[in-house]
Amino acid sequence: MTAEDIDFKAIEKRWREEWQKAGIFKAKVEKGKRKFYCLEMFPYPSGKLHMGHVRNYCLGDCIARYKRMQGFNVLHPMGFDSFGLPAENAAVKQGTSPDKWTEKNVGEMKEHLHALSFSYDWQREISTHNSEYYKWNQLFFLKLFEKGLAYRKEAPVNYCPSCETVLANEQVIDGCCWRCKSEVQEKMLEQWFFKITDYADELLSDIEKLEWPEKVKVMQKNWIGKSEGTEVQFKVENLDIKNSEFIFLHAFQDTSESVFWPWLKKEIEKQGGKVVFAPNLPNPNEPNIEEQAEFVLKKYKFNSKSVIITHSLGGVLAMKLLPKLGTKIKKLIMVAPPLRTEFLDGKKRPAVEKACDWNFDFNRIKEKSESITVIADEKDHIVPVSHPKEIAERLSAEFVLTTGNKSHFNSEEEPHVLNEIVATIPIFTTRIDTLFGVTFVVFAPEHPLVDKWVKGTKYEAPFKKFLQEVKKETRMQRLAAEGEKKGMFIGRHAMNPLTGEEVPVYVGNFVVQDYGAGAVMAVPAHDQRDFEFAREHKLPVKEVVQPFIIKTDGEDAIRENLPFKKRDSVVCVVKHWAEDKYLCLDWKQTFWHGFVIGGVEEGEDPIETGKREITEETGYKNVRFVKKLGPRIHSQFYHVVKKQNRWAQFQGLYFELVDGKQVEISEEEKKIHGVLWLDKSKVEPFLNVDDMRILWRRVFAESAYGGEGILVNSGKFSGMHSKEAREKITQELARKKLGKKSVQYKIRDWLISRQRYWGTPIPIIYCKDCGIIPVPVSELPVKLPASDKVKFGEGNPLSSAKSWVPVVCPKCKKLARRETDTMDTFVDSSWYYLRYCSVQDKMRPFAKEEAEYWMPVNLYIGGVEHAILHLIYARFFTKALADLGYLKFREPFSRLFTQGMVLKDGEIMSKSKGNIVSCDDMLAKYGADTIRLFELSAALPESDLEFREQGINGSYRFLQKLYGLLSADYPKKGNDVVDEYLIAEKEKLISAVSEKIETLRFNIALSQIFTFIEKVGRYKNFASAGTMKEIAHDIALLLAPFTPHLAEEFWNKYGGKGFAALAEWPNAKKLNSGQERALKAMQLVESIERDLDSLLSIVRKKGKVVSGASIYAVPEDHKTLNGFVEIFERHISKVRIFSTQDKKKHDPLNKAEKAVQGKPALYLE
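Going by our numbering, the residue at position 378 of the sequence shown is 1685; the numbering climbs one at a time, nothing skipped.
Honestly, the hints are just simulated from the structure, not real lab data. The reader is advised that the hints may include incorrect statements.
As the list claims (entries may be wrong) - Below, in silico cross-link-like pairs of lysine-lysine (DSS-like), each with a Cα-Cα straight-line distance of 30 Å or less:
(1) Lys2218 <-> Lys1355
(2) Lys1635 <-> Lys1606
(3) Lys2053 <-> Lys2195
Assemble the whole structure, with the sequences as input and the hints as a guide.
The structure is reproduced here in structure tokens:
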């Protein structure tokens, strides 16, 4: 049989069936055996595999087979990430159901995976769309909900109009949907979140424990984005406090001196407000609301300045009181008001029931107040949240749901109540040392307070227009450094907590609601973004930090034991009178390259100093002052000429020469520096001192100084370095209860709600009376309704499932409704690696003892595109499950490998680009081993691979050649040196291949195998059958991870026991002395072969005919080369080998004289 006649497909089919029949890839826990968990990221079943998909699985299978042969207990599972939008879209477009579409694709994908003989344990297969899998998603949701790690809130969300669903921040790339690339919009919706931010610090710190690519670690660190700084409180009036009259109405059984009233009075008065009426209401234990109303009306005359604040039953009094007023009041603020006499603690309160008739004229109440706010405590143990919420709805009032310091707002301090009068805005900054430089505050346009502040003012209409414009921008566009900074003043002022200075409040597109508190303090002197905004809006710029440069290396590094001499100095940038050139100095006694510098004498004006120094140092006398170059720069350095440590305070000055007239400068000045005129483009490269570079840049553009330095204009903190000032200012704020140290993270909580059908239903029930109720665990899974029961293409599909949405409330047994959002499909992939450990377990998501054995995953393989999304979510899930008691370990993947993409014509293979190469076609034409060999040999695994069919054809030809080589018959006796040589090379190969597989350098391992096989082919006619059998035996083992079918064929042919796939990986043996000698001998032989080829090529190019060759070797080499004439005669027909000491040798040109040890001489006839 010729190599071309080999039926690789028949070989592959035979061994695939044998492996399957023997079940050799099934894994089970074996306590005494080393385990290795190898996992490739499981695929979305989009249909048939193409060559772009295959690479990932080839890499994983190679290492899994290798580890199995090394004696590890290998877990290598496979499944399908089968929930997702494409199935839903297919249901709409093709008129099929998502489950049928998904099952069909899973089947097609499995056919390919089987055909490629990946060594998966198929008994552990999972598909995430099966309810037996996703019921555990629902269980984990409920556990996270119990622990407070799953919660619901209204939030601005990223909405993809094409996919008709919400996207997590991580799924928005450059303002577009990660899946369909449509431009993302922003909407406000009630959404479910996982509190991943609770784990931000651990997610960050544990990265360093992982054997992951550095680029992935950096991406995760940047996404988590830890910032250490200060949270400082700015106050913004919600009301015109100084022009308001405050009235307090207390609760049942309370007084105006109980709960938060004394504190609130004090806080209002601090802001310049006045509490004009805070009565102890008559009969607080047996209240008669009508009598109390009459009492209030007699004691106080309401007017347009009146602001009523109530607590609990005081709200009922206010609602009875307002219809009786003859005038409209400014504002009504009701804290936890009841609407009926049904209370959460179950206590009967007859006095409250009899207090009034509990009927309210909501229309009249609305008419009697300019605005109304109703505040509810979401953890209230007395008044149900539904009461204040309904009151707010009936009054068209603002509803604020928050959490009191104590349930029912019964604490002595309740900031949420004060916030309705004076909003305390926490602002996070890493540069609290610049607090004294704040000249305005900027809020995110979506901030809930902004709408309240502009309502009814002249700013309302322009603000609404501005808000609509901002909503068209994505979060990424708004935060981009190069983006346009847009904003507007909204008529409010904020108070600087330390200076008491009022600064204007703006809204800006560059501030987003979900970072910090949705507001920033703007310091235009020290932040470039703020500087540009201030310049646009003509806002003041206040310098509070001056640059401070300390030289710690080089000639001018400060000397430790020398005192500092302080000096006010000027640095003068001087422009030529006629050309675009600038005057620079080259200091001859030091390495300094800079501008004119000089000290300011006591009482001297710095500008006059500059003029004097320019004339003294350069002779130019007619100079015109143009401008100061920003704030002073502090610089500590060693003055090489003066032999002093200097602390210079440089003021940059910009001058222009009027003309070129000069006076003679002193000889001393000439010795110190040379004068140069440099083109503008050459100045910065010439400068070699930091402070000079700063000043040079200021010549052409005003900009903010964002670095650290010495504080100025900062009260008692002036003169401090930024680092010290940050500590001291934070302490001052903490002492005054106006701020504290804080850590902020860029990462946001994980938004998991999706308005799609094909995902895990969120196990929540909404009851009008009971609120948010979790589905009982006993009722899991909450299965999806059949797809023919829902409508696609009209918003949230599950909302249309009329028989599925209604459900009985598990708590009160009344009719309620199901949550119609499904979970983000990244939830499915956040724990699937755990399910593989014990997929047959029907009672638990996974068996803890089996997870403890197999986990963590030893090697996880997938694309770098998952560095942020999937990998952060999986790490969060593992940590959360550990805290829930499911696991003892806290990281899922010990080692991560990110493979490169497969390209076709320079682009990633994809259906949309029309450049996919069908796996079916390649399997039919070349077979599985060829595909595997190509994918593993064509490039480094982490590098992109360009698919070219000539490459895969080359792999095919190699296998044909290999089969022919190892299947041929060989003589019993060969050349002893060649035999020893080939065995020695084989042992070296085993060592090299083992090392390269361990480091996942599969292409290099295969390159070394290719080189060895080429060498065997070159010397096959001189090798014995025994040597060739030994080579075939070990080559079968070395190729088993790469081309497993052909490896089994060779293993079987040469008498290997059992399967090569389970055989022991070969260990390289130490070379014996004969093998070492053979290596040296063959190095000499191969050297002569190369020289022969080179000489023959030169001669034949000249058109000459060569009839033979003579080789002249020193006696030791001659002895070695005897017996290799046949090898040399493969290059030229007649070869003779002579010793240089052979007196009868044929040597017409005395070539023998040139022969040396290890380098014989050649002569061509």
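Consistency of the hints with the structure:
1. The hinted pair formed by Lys2218 and Lys1355 meets the criterion: a straight-line CA distance of about 11 Å does not exceed 30 Å.
2. This hinted pair checks out: Lys1635 and Lys1606 have alpha carbons roughly 17 Å apart, not beyond 30 Å.
3. With a CA separation close to 28 Å, the supplied pair Lys2053 and Lys2195 stays within the 30 Å bound.
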